[in-house]
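Asks: The residues making up each chain are set out below.
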Amino acid sequence: METIKEFDFATLSDADKVVLYSRLHPLYAKSTLEVDVGLPTGTSVWIDCAGSSQGHIGVEDKTFRSVFPTNVKNTHFMHDMNSILTAKAVGKVYSPVSVVMYFAPFLRYMTPEEAKDSIHMYKKYVSTAEITVVIDIKFLLFHRFKNTNDDVVNFLGPKKINKFGTFKYLLKF
Amino acid sequence: MTLHWRDEQRKMFDNRELEQDKRIKKYFAGSRQEGTLLYGDTAYFNDYFNQSQKYKNALLVFNEEIEAMDFLDTIAGKISLHPQIEKVCIAVNKFCIYSETVHENIESDYDTALVSLVSGKLKGFKLLEHIYDSKLKGNKFNFASPYTQMYFEKWKQ
Numbered sequence: 776m777e778t779i780k781e782f783d784f785a786t787l788s789d790a791d792k793v794v795l796y797s798r799l800h801p802l803y804a805k806s807t808l809e810v811d812v813g814l815p816t817g818t819s820v821w822i823d824c825a826g827s828s829q830g831h832i833g834v835e836d837k838t839f840r841s842v843f844p845t846n847v848k849n850t851h852f853m854h855d856m857n858s859i860l861t862a863k864a865v866g867k868v869y870s871p872v873s874v875v876m877y878f879a880p881f882l883r884y885m886t887p888e889e890a891k892d893s894i895h896m897y898k899k900y901v902s903t904a905e906i907t908v909v910i911d912i913k914f915l916l917f918h919r920f921k922n923t924n925d926d927v928v929n930f931l932g933p934k935k936i937n938k939f940g941t942f943k944y945l946l947k948f
Numbered sequence: 042m043t044l045h046w047r048d049e050q051r052k053m054f055d056n057r058e059l060e061q062d063k064r065i066k067k068y069f070a071g072s073r074q075e076g077t078l079l080y081g082d083t084a085y086f087n088d089y090f091n092q093s094q095k096y097k098n099a100l101l102v103f104n105e106e107i108e109a110m111d112f113l114d115t116i117a118g119k120i121s122l123h124p125q126i127e128k129v130c131i132a133v134n135k136f137c138i139y140s141e142t143v144h145e146n147i148e149s150d151y152d153t154a155l156v157s158l159v160s161g162k163l164k165g166f167k168l169l170e171h172i173y174d175s176k177l178k179g180n181k182f183n184f185a186s187p188y189t190q191m192y193f194e195k196w197k198q
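Protein sequences, first through last, are from chains A and B. Under the working numbering, the first residue of the first sequence is numbered 776, with each subsequent residue one higher. Under the working numbering, the first residue of the second sequence is numbered 42, with each subsequent residue one higher.
These are computed hints drawn from the structure, not numbers from a lab. Be careful, since some hints might not be right.
[Claimed, not checked] What follows is a set of in silico ranges between Cβ atoms, one per label pair, in the way DEER data are often shown: (1) A:D892 to B:K95: 17 to 27 Å; (2) B:D111 to A:V868: 45 to 55 Å; (3) B:G161 to A:E777: 34 to 44 Å; (4) A:F784 to B:E145: 31 to 41 Å; (5) A:V794 to B:E141: 43 to 53 Å; (6) B:A84 to A:G817: 41 to 51 Å; (7) B:G161 to A:V868: 46 to 56 Å; (8) B:G118 to A:V868: 36 to 46 Å; (9) A:M776 to B:I172: 18 to 28 Å; (10) A:D926 to B:S175: 14 to 24 Å; (11) B:A84 to A:D892: 18 to 28 Å; (12) B:N87 to A:T816: 18 to 28 Å; (13) A:F784 to B:D111: 46 to 56 Å.
[Said to hold, decoys possible] EDC-like mimics (lysine to aspartate or glutamate), calculated; alpha carbons at most 20 Å apart, straight line: (14) A:K938 to A:D926; (15) B:K178 to A:E888; (16) A:K899 to A:D926; (17) A:K921 to B:E194.
Even glycine gets a Cβ: it sits at the ideal position worked out from N, Cα and C.
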């Protein structure tokens, strides 16, 4: 039988995209948070967080458009979460008091340097907001023998850290 | 019953076998009638190998969170208990490893350090092949079946 080496998300059927996305994102079709994110009162924009299931404004990657209902509310689709354009748009359109990245897939398979740049880009261009990042750093690319998990998280430069699993952290920026 | 993630992903591709699983089977094809020590996430291979406990082969698959020293000590411990083992495959999801303390004096490249440290725990074995991708992402089924594989064979006198 022929083997399979790799796949491209874009070529999957819609049903398979849902299976994969629901595995990829713990908030997909769920409303329970694994950790209390403790947000200030006011407009909150959730980036790459499986839509607006938390009752906030959702900003999602167009790659995943088909896994959401066609009439999904309070959710806006952009080309790339890791772009200045998206960060600037969030800041200008919503002027939110908080931005949340809750296990955001776009932060996966980045080096710590790339993840830091991306998070701080939102900090810069959405200057009205406190940035909350809930992250599973298992998915970051780093040398596991030369760095502890805490080393990596400290490198990201948060002002507050709450560890709630071997690789899981809630960070405030 | 919940499907193993491997089975869920294979369903998306006409149940085709994952490349890394096929590679394991190919390596042990000539010796699979001998007893094989199976450790970790190996249920998929149960029917492929002889269940004899006179081990000549060892397949260790690490696909859960594990501290680095525990990982290395597990390999050394399992293999050293069975000196008659001749062929070893270590498959590891490299994203699942973490360290409690920083390790000095090791290679600066993670994949190179990983194979070097594992090799160091398998005295008397030579490394035949090391499969890895330094830019591994989610599209190679790594969480279904670990992509990083190291194949060893006992040095012959």
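Asks: For each hint given before, does the structure comply? Return the numbers of the non-compliant ones in rising order.
Replies: Numbers 1, 5, 8, 11, 12, 13, 16, 17, in rising order.
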